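My numbering numbers the first residue of the sequence shown as 1024 and each following residue consecutively.
Since the hints were made in silico from the structure, they are not lab data.
One or more hints might be untrue.
Calculated cross-link-like contacts (lysine to aspartate or glutamate; reagent style DMTMM-like; alpha-carbon spacing at most 20 angstroms) [claimed, not checked]:
id: 1; residue 1: LYS1240; residue 2: GLU1220
id: 2; residue 1: LYS1240; residue 2: GLU1176
id: 3; residue 1: LYS1074; residue 2: GLU1090
id: 4; residue 1: LYS1103; residue 2: GLU1090
id: 5; residue 1: LYS1028; residue 2: ASP1123
id: 6; residue 1: LYS1103; residue 2: GLU1076
id: 7; residue 1: LYS1074; residue 2: ASP1104
id: 8; residue 1: LYS1127; residue 2: GLU1196
id: 9; residue 1: LYS1216; residue 2: ASP1228
id: 10; residue 1: LYS1240; residue 2: GLU1157
id: 11; residue 1: LYS1024; residue 2: GLU1095
id: 12; residue 1: LYS1129; residue 2: GLU1072
id: 13; residue 1: LYS1240; residue 2: GLU1227
id: 14; residue 1: LYS1240; residue 2: GLU1166
id: 15; residue 1: LYS1127; residue 2: GLU1183
id: 16; residue 1: LYS1074; residue 2: GLU1036
This structure is a prediction, so every number in the text was calculated from the model and none was measured.
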Amino acid sequence: KIGGKNQLGLYQELALMLRRQTYWLARRAVRSNATVEGLIRTYRPVIDELKAEGLELLAPFERSAAEARAKELVRAGAPKDLVRRLMFLRPMTAATDVADMARKAKWGMVPAARIYQAVGQVFGFDRVRAAAGEVAGDGDSYERLAVRRLMEELLNEQAEATRAVVAGSKGAEAGADAGAARAAVNSWAAKRKESAEAARRIFEDVQTAPGGWSFAKLTIVNAALRELAATSG
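I would like the entire structure built from these sequences, with the hints used as guidance.
Here's what the structure looks like:
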């Protein structure tokens, strides 16, 4: 038994994941004329495979954020195992994209997911999305909508860069562990040195600039990441 505020925190965490994933799957259904049952058959096994990996699958930033949220709820009295399972769901918004690219490349789901996490870590996609989530809570409904669209773009750009890294790797061993995945991403970036360095530099400049994150800063970083993703061909 835990206090009402923390019970609501658990429900809100689950609701956030359900909203994001429902939106993602609804868009997929429209594009491919899929049914709900068909989507479940397609994606449930691979999502279950990722869930079995737990928080250890995540890159350091996302894992640290999930663990911090988990500790707060566990201290409040929530069951530890339940909380850890729940905290893993938020970073899984784009898991269906990862599943699609893994199938196309004939990779396992877990190695492809490690590449996706490494792309987020190396280029700062994960930190920019977290900053966007904070900015979204401060504005009016139009600004929240604009930030939501920007977050969609970031997810698409990270997925596009991941596809390129997977396509450019010699095999799924590139995602054998977190170190191998980062090495594969850095190797891909080295072949696109100009856009990769520009994206990193702009991210670092904005992150260390005074005044915290704003929609304008997010837009600038997103433009650099979009340009990087555009070099994936």
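Results for each hint:
Straight-line distance between C-alpha atoms of LYS1240 and GLU1220 comes to about 18 angstroms, which keeps the hinted pair within the 20 angstroms bound. A hinted pair counts as satisfied when its Cα atoms are at most 20 angstroms apart, and LYS1240 with GLU1176 qualifies at roughly 15 angstroms. Distance check on the hinted pair: LYS1074 and GLU1090 sit about 15 angstroms apart at the alpha-carbon level, within 20 angstroms; holds. In summary, the hint linking LYS1103 to GLU1090 is supported, as the alpha carbons are separated by about 11 angstroms, within the 20 angstroms threshold.
Proposed proximity of LYS1028 and ASP1123 is contradicted: the alpha carbons are some 38 angstroms apart, above 20 angstroms. Between the alpha carbons of LYS1103 and GLU1076 the distance comes to roughly 16 angstroms, so the proposed pair stays at or under 20 angstroms and holds. A hinted pair counts as satisfied when its Cα atoms are at most 20 angstroms apart, and LYS1074 with ASP1104 qualifies at roughly 13 angstroms. Using a Cα cut-off of 20 angstroms, the hinted pair LYS1127 and GLU1196 holds, with the two alpha carbons roughly 16 angstroms apart.
In summary, the hint linking LYS1216 to ASP1228 is supported, as the alpha carbons are separated by about 18 angstroms, within the 20 angstroms threshold. A threshold of 20 angstroms between alpha carbons decides the hint, and for LYS1240 with GLU1157 the separation of about 13 angstroms falls inside it, so the pair holds. Only pairs whose Cα atoms come within 20 angstroms are accepted, and LYS1024 paired with GLU1095 is accepted, the gap being roughly 15 angstroms. In summary, the hint linking LYS1129 to GLU1072 is supported, as the alpha carbons are separated by about 16 angstroms, within the 20 angstroms threshold.
A C-alpha spacing of about 11 angstroms is found between LYS1240 and GLU1227, which places the hinted pair at or below 20 angstroms, so the restraint holds. For the proposed pair LYS1240 and GLU1166, the alpha carbon gap of about 14 angstroms is at most 20 angstroms, so the pair holds. In summary, the hint linking LYS1127 to GLU1183 is supported, as the alpha carbons are separated by about 13 angstroms, within the 20 angstroms threshold. For the hint linking LYS1074 to GLU1036, the alpha-carbon distance of about 16 angstroms falls within 20 angstroms, and the restraint holds.
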